[in-house]
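Colleague: Throw the hints in and build the complete structure from the sequences for me.
Each residue of the sequence shown is one higher than the one before, starting from 1057 at the first, in our numbering.
Since the hints were made in silico from the structure, they are not lab data.
C-beta atoms are modelled at their ideal positions from N, C-alpha and C, and glycine is treated no differently.
Heads up, some of the hints might be wrong.
[As the list claims (entries may be wrong)] Below, simulated BS3-like cross-link-like pairs (lysine-lysine); rule was C-alpha separation at most 30 Å, straight line:
1. Lys1070 to Lys1120
2. Lys1070 to Lys1131
3. Lys1120 to Lys1131
4. Lys1077 to Lys1120
5. Lys1131 to Lys1077
6. Lys1120 to Lys1085
7. Lys1077 to Lys1111
[Stated by the list, open to error] If you anchor each label on the Cβ, the simulated ranges turn out as follows:
8. Thr1106 to Ile1128: 25 to 31 Å
9. Lys1070 to Arg1110: 32 to 38 Å
10. Thr1124 to Ile1099: 40 to 46 Å
11. Asp1082 to Ser1103: 43 to 49 Å
12. Gly1108 to Ile1128: 20 to 26 Å
13. Tyr1119 to Ala1075: 15 to 21 Å
14. Ser1061 to Lys1111: 25 to 31 Å
15. Ala1126 to His1105: 30 to 36 Å
16. Ile1128 to Arg1107: 21 to 27 Å
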Amino acid sequence: MYKKSLSERDICTKFITPALKKAGWDIHKQVREEVFFTDGRIIAQGSLHTRGTRKRADYILYYKNNITLAIIEAKITKKG
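Modeller: Have a look at this one:
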């Protein structure tokens, strides 16, 4: 399949997940997909405060005991 016609999810499924498996990562124990990794930035104005948008990663790689080692963000190839 031509890469320019693939969605971000397709890129993950067809390229990133197989590459992680080939590199020796245990997909079930060391890799989590589509994970929120922040609660969002705290925005304060005077006595009011709120949270910004939560951040999501396509993949988070863990060492052991949920120690985050890396965050992977897939990007689609620019069209045109």
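Colleague: Please list, smallest to largest, the hint numbers that this structure does not respect.
Modeller: 9 and 10
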